[in-house]
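Chain by chain, the residues run as shown.
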Amino acid sequence: MATVHFTSHLQSFVNSAPVEVAATTVGAALNSALDGKEQLRSYVMDEHGRLRRHIMVFIDGKIIDDRVNLSDSLTDTSEVYVMQALSGG
Amino acid sequence: MADTIHVSTRKGLFTLKRSPVRRWEIADVAFLGSPLSMSLADPRDGSWYAALNLGHFGAHLHRSCDRGASWTEVAVPTFPDGATMPERMASEAETPKMKPAALSEIWALEPANTGDGTLWCGTIPGGLFRSDDAGESWRLVEGLWNREERMSWFGGGKDDPGIHSVEVDPNDPQHVLVAISCGGVWRTRDGGAKWECCSNGLRAEYMPPDQAYNPNMQDPHRMVACPSYFNFMWIQHHNGIFHSTDGSRNWEEITNVEPAVFGFTVAVHPHDPGTAWFVPGVKDEMRVPKDAKFIVTKTTDGGKTFRQISAGLPSEDAYDIVLRHALDVDSTGNLLAMGSTTGNFWVSEDSGESWQAVSTHLPPVYAVRFVEER
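Keeping their order, the protein sequence lines are chains A and B.
Position 25 (the first sequence) corresponds to 387 in this note's numbering; numbering is contiguous.
Position 22 (the second sequence) corresponds to 160 in this note's numbering; numbering is contiguous.
This is chain B alone, in the form it adopts within the complex:
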């Protein structure tokens, strides 16, 4: 099992380690005071990446080659001169007024698996970028950016649309899926030159009825694919839970989930594609745990049934929300970790059946990722 966790928070990057007596504790804090939007511990070369969203001073990316002992600022993805985006969602009748596209936030960072130092980066606004030199330089993936459908993407909770999930097929690194809030699911088979929208079956209750199944207007909050069975995928959508067993060609809506189908995050077991975890909340105006009881829901049968898990979690007066990147599972499937908007952090070492609080005093948590060696 992994013994290190990166926790990206509003006030820094926290590194948690498991001590020899199996107790998780905060081992280090980097960038104290700065908001972190994402981290990545690249298992290929051991590099650590930290994406800062400084607000006043923009988005910045740092890399460490010595497991956090020192950090060096590298390049961020930037939009080329002339890259524009609609000021607001385009209608069919009018030509949208455009504005320059400029990096707001790094929202996804994943190994591209075509060689050491190759990375995918998803951003707000909705750009996908590629680096072949460990973040020293980036280029916009124009095959996706130039899709006409992009004019209809819009922000969900953020001012502009954003790419938050990038899933790379472990058996074919040219096969990549991204999920966009709000712009649906898109897939490339050729490493990024050509893209197709793969949102069939996703449903957006928040749209007018005739637009509810518009594949390009869906708001998947988080999408994950099972590493061992890549065709099996899960989405925690604004509108509920969706499952695909055919590599995103079709998505099935799962509605029989108590106490709620709303949430932001999902994690899938790395070897058992029918097992997934969710953290429900009351949609849509509330966004708090139902009855102030914080629970995790787990399915082990591909979404036919769900169990509510409360062992070790607060059963009353809890108003925690776990954001889209703030739940992770390690490569064994036994170890899970999650952090909440109210600074609570829990770990489970029994595949999510019970949880232990590691801290109740962290800053708001944006992203949680296990650090694993190759």
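One chain only, chain A, in its complex shape:
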């Protein structure tokens, strides 16, 4: 099972505990992790299911290549991190 972790910053807005998922792509992993959690989903994706512009996703320490179709592949033990890009002051 892969594990999806969300940035700790999200926890102050909405429950975002890590989730174990069975998935072979990062898109499937996110969909599974966000299934039934529409409020959490709205913080990560817009209303059309697109990753928000300043959200960054890592698989096993490497940033994903395909932000549009989220096709990057996972292994059984992948650690997926949903993080925020830093900006502003």
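Think of the hints as simulated: they come from the structure by calculation, not from any bench.
One thing to keep in mind: the hints can contain errors.
[As the list claims (entries may be wrong)] Here are the computed distance ranges between Cβ atoms for each label pair:
{"id": "1", "chain 1": "B", "residue 1": "203", "chain 2": "A", "residue 2": "439", "range": "43 to 53 Å"}
{"id": "2", "chain 1": "A", "residue 1": "365", "chain 2": "B", "residue 2": "494", "range": "33 to 43 Å"}
{"id": "3", "chain 1": "A", "residue 1": "424", "chain 2": "B", "residue 2": "346", "range": "42 to 52 Å"}
{"id": "4", "chain 1": "B", "residue 1": "346", "chain 2": "A", "residue 2": "365", "range": "49 to 59 Å"}
{"id": "5", "chain 1": "B", "residue 1": "334", "chain 2": "A", "residue 2": "365", "range": "51 to 61 Å"}
{"id": "6", "chain 1": "B", "residue 1": "184", "chain 2": "A", "residue 2": "373", "range": "41 to 51 Å"}
Every residue gets a Cβ at the ideal spot worked out from N, C-alpha and C, and that includes glycine.
Based on these hints, arrange chain B on the given structure of chain A.
Quick look at chain B alone, frame taken from chain A:
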């Protein structure tokens, strides 16, 4: 007079209250650290709304039913599948390249006055939305969204066009006007099914000469209508000050205003339609007070003359700008409040004739609204 003010800032929602000795002070801070784009204290049922623009995590809306003691996240307006908008302003010769429309920011929130919990919401990009259940669900007002002219709207200071002013006729809630940066003024008489552009007389000096009066390309920074005389309206436009006395059919440009006609905000007296307040700045590349002296301009004769008011305001080294939603007047017309981009906040209790600084250390202020009970 009102005794509570909501101040939406870059770092949270501040609630200011007037103590028994008539001193205004910060009573509460909610959502500390988060940017707030708008608030609304609904006088009909006492609900408070706070619109957050979290940047990384999108726009979100919270409602409080206990005057800020606790907040619950409710729905935000979202654009339906297939809703698209031009990537850039369309020209006549080409079909614009389209992109999906997705909520960027809640920029206007007003009671719709057709029953408790009915709300209008204006957004960036330029969508108008309607809720009939206190923000639990929203629907896009397609009568406006589907207007062909929308293809020519464009962003003014923001990447995309936005609806920032929604004025509801107190005597006829089906009669609603919205103002768009940049897309002019639009009016419905039937609650949102049909819309007409009402920008006649607005002038955009920033456009090529043959487009200066194009009603669909105007940049009204803020539009307000007098609640007691709804046909009397004011606009602080990118290009100057405009006044309508016929319900937005025609707008008259007012040019005899010192020290400047440029600004972002305007407030109108709730019972005296000829009285309005503005906060001028040097246009257009500068956007600071003229000679670094921060003042308010006030007319009491429908724009024939303006007075410059400086009592209680910084007279030198001031670089404050008051953004479009950051000036408000209460229902008596005597109490005004404003906050600036540099975190100064002032209150006037004599109809804007003199001001007192309440704080000089707030985060940048985006919106100021009085909290009033019905």
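Here's how the hints hold up against the structure:
1. B:203 to A:439: 43 to 53 Å: holds, 46 Å
2. A:365 to B:494: 33 to 43 Å: violated, 56 Å
3. A:424 to B:346: 42 to 52 Å: At 49 Å between Cβs, range holds.
4. B:346 to A:365: 49 to 59 Å: holds, 57 Å
5. B:334 to A:365: 51 to 61 Å: Since the Cβ atoms of residue 334 of chain B and residue 365 of chain A sit about 55 Å apart, the hinted range of 51 to 61 Å holds.
6. B:184 to A:373: 41 to 51 Å: violated, 30 Å
When held up to the earlier numbered hints, the structure conflicts with 2, 6 and fits the remainder.
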